[in-house]
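Peer 1: What follows is each chain in one-letter form.
Protein chains: 2
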Amino acid sequence: MKKFEEKTIKTEKIFEGKVITLQVDDVLLPNGKTSKRELIKHPGAVGIIPITNDNKIVLVEQFRKPLEKSIIEIPAGKLEPGEKPEVTAVRELEEETGYTTDSLEYITSFYTSPGFADELMYLYLAKDIKKMAQPVDGDDDEFVERMELTLEEAKRYVSNQRIHDAKTNYAILYLEMMGLK
Amino acid sequence: MKKFEEKTIKTEKIFEGKVITLQVDDVLLPNGKTSKRELIKHPGAVGIIPITNDNKIVLVEQFRKPLEKSIIEIPAGKLEPGEKPEVTAVRELEEETGYTTDSLEYITSFYTSPGFADELMYLYLAKDIKKMAQPVDGDDDEFVERMELTLEEAKRYVSNQRIHDAKTNYAILYLEMMGLK
Numbered sequence: 355m356k357k358f359e360e361k362t363i364k365t366e367k368i369f370e371g372k373v374i375t376l377q378v379d380d381v382l383l384p385n386g387k388t389s390k391r392e393l394i395k396h397p398g399a400v401g402i403i404p405i406t407n408d409n410k411i412v413l414v415e416q417f418r419k420p421l422e423k424s425i426i427e428i429p430a431g432k433l434e435p436g437e438k439p440e441v442t443a444v445r446e447l448e449e450e451t452g453y454t455t456d457s458l459e460y461i462t463s464f465y466t467s468p469g470f471a472d473e474l475m476y477l478y479l480a481k482d483i484k485k486m487a488q489p490v491d492g493d494d495d496e497f498v499e500r501m502e503l504t505l506e507e508a509k510r511y512v513s514n515q516r517i518h519d520a521k522t523n524y525a526i527l528y529l530e531m532m533g534l535k
Numbered sequence: 355m356k357k358f359e360e361k362t363i364k365t366e367k368i369f370e371g372k373v374i375t376l377q378v379d380d381v382l383l384p385n386g387k388t389s390k391r392e393l394i395k396h397p398g399a400v401g402i403i404p405i406t407n408d409n410k411i412v413l414v415e416q417f418r419k420p421l422e423k424s425i426i427e428i429p430a431g432k433l434e435p436g437e438k439p440e441v442t443a444v445r446e447l448e449e450e451t452g453y454t455t456d457s458l459e460y461i462t463s464f465y466t467s468p469g470f471a472d473e474l475m476y477l478y479l480a481k482d483i484k485k486m487a488q489p490v491d492g493d494d495d496e497f498v499e500r501m502e503l504t505l506e507e508a509k510r511y512v513s514n515q516r517i518h519d520a521k522t523n524y525a526i527l528y529l530e531m532m533g534l535k
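Top line first, the protein sequences correspond to chains A and Y. Note that the numbering used here has the first sequence beginning at 355, numbered continuously upward. Note that the numbering used here has the second sequence beginning at 355, numbered continuously upward.
So here's chain A without its partners, still in its complex pose (with noise of 0.2 Å):
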């Protein structure tokens, strides 16, 4: 028996979208009642911090719908179905960036956000990226601009929220901690 496990009594599915679906559940808690829980079902992501070989961090900025403005962030993508995070993450940074590795080291991962979804982000380092002869397409709805920043620019731009997210703001304070010059 899983701790404080809340029993499932009813699943509504409510919506099946390209990217997440949104469920209802009645639950039967551990003092007998019962409540709704809603759920995000997501099929996981990746995020590559990409360093170059004069110890810049690689980002992205994009435009996101949820938040309507743009904020820059480290390569990400979701991992498509039966797809490894770590074949995600290199083709991510393909994509977004220009760069590809061979040496691509695990960090670790984390749920995003376990209140209300199951989002599981693997978060990967890649180090002596190379820029790639021939540029890959990425998907055709993206639209990405990279940027290459020092740690203390990387900071300043945590300070004044033009980064303003979970993975790329751990990245930084990973960067820091692992003493990025």
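If you're looking for bench data, these hints aren't it; they were derived computationally from the structure. Heads up, a few of these hints could be off.
Chain copies aren't distinguished; within one or between two, either way the pair holds.
Stated by the list, open to error - Simulated pairs of lysine-lysine, DSBU-like, Cα-Cα distance not exceeding 35 Å:
id	residue 1	residue 2
1	K481	K432
2	K423	K361
3	K438	K484
4	K438	K367
5	K387	K438
6	K390	K357
7	K485	K535
8	K423	K410
9	K432	K395
10	K387	K485
11	K485	K419
12	K410	K484
13	K372	K484
14	K535	K484
A quick note: this is a predicted structure, and the numbers were derived from the prediction, not measured.
Since the structure of chain A is provided, determine the placement of chain Y on it from the hints.
Peer 2: For chain Y alone, kept in the frame of chain A given last:
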């Protein structure tokens, strides 16, 4: 004009729940094509990093229905309508841990999943925490168990994924960075 702005052609509200709202927007892309965006609206949330006077981190274990398991997190909770995040932070600290504080320090904020949701998470450090004489009741559908861990113990829980949550992983990296002993 915001960079790579996606203009809304149509908004359809699919679901309005207790916690989240789901809408699907038809958007006009920078290249003149159209696409659909699935968006979750969320009231925003806080996370609190409470540190005891003997340098332990106060965490809570709870069952997360989207994950169908229990994980260990820093105390956290949703903003009530119109509530200032620092007020939410003290309320959630009291409800979930039985501690209170006069020393709440803002650390940072970040969107948890900007690809599909607008949830903004405010993160606070709570020092000089004190056990409350009279514990306060929390939400009646929320069951949490408090635990107090050293930083080393918390890092082990990250390794074995009993801690597996963006805000909590960030918190532990932050405490490591700050040199918590």
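Peer 1: Any hints this thing doesn't respect? Which numbers, in order?
Peer 2: No numbers; nothing is violated.
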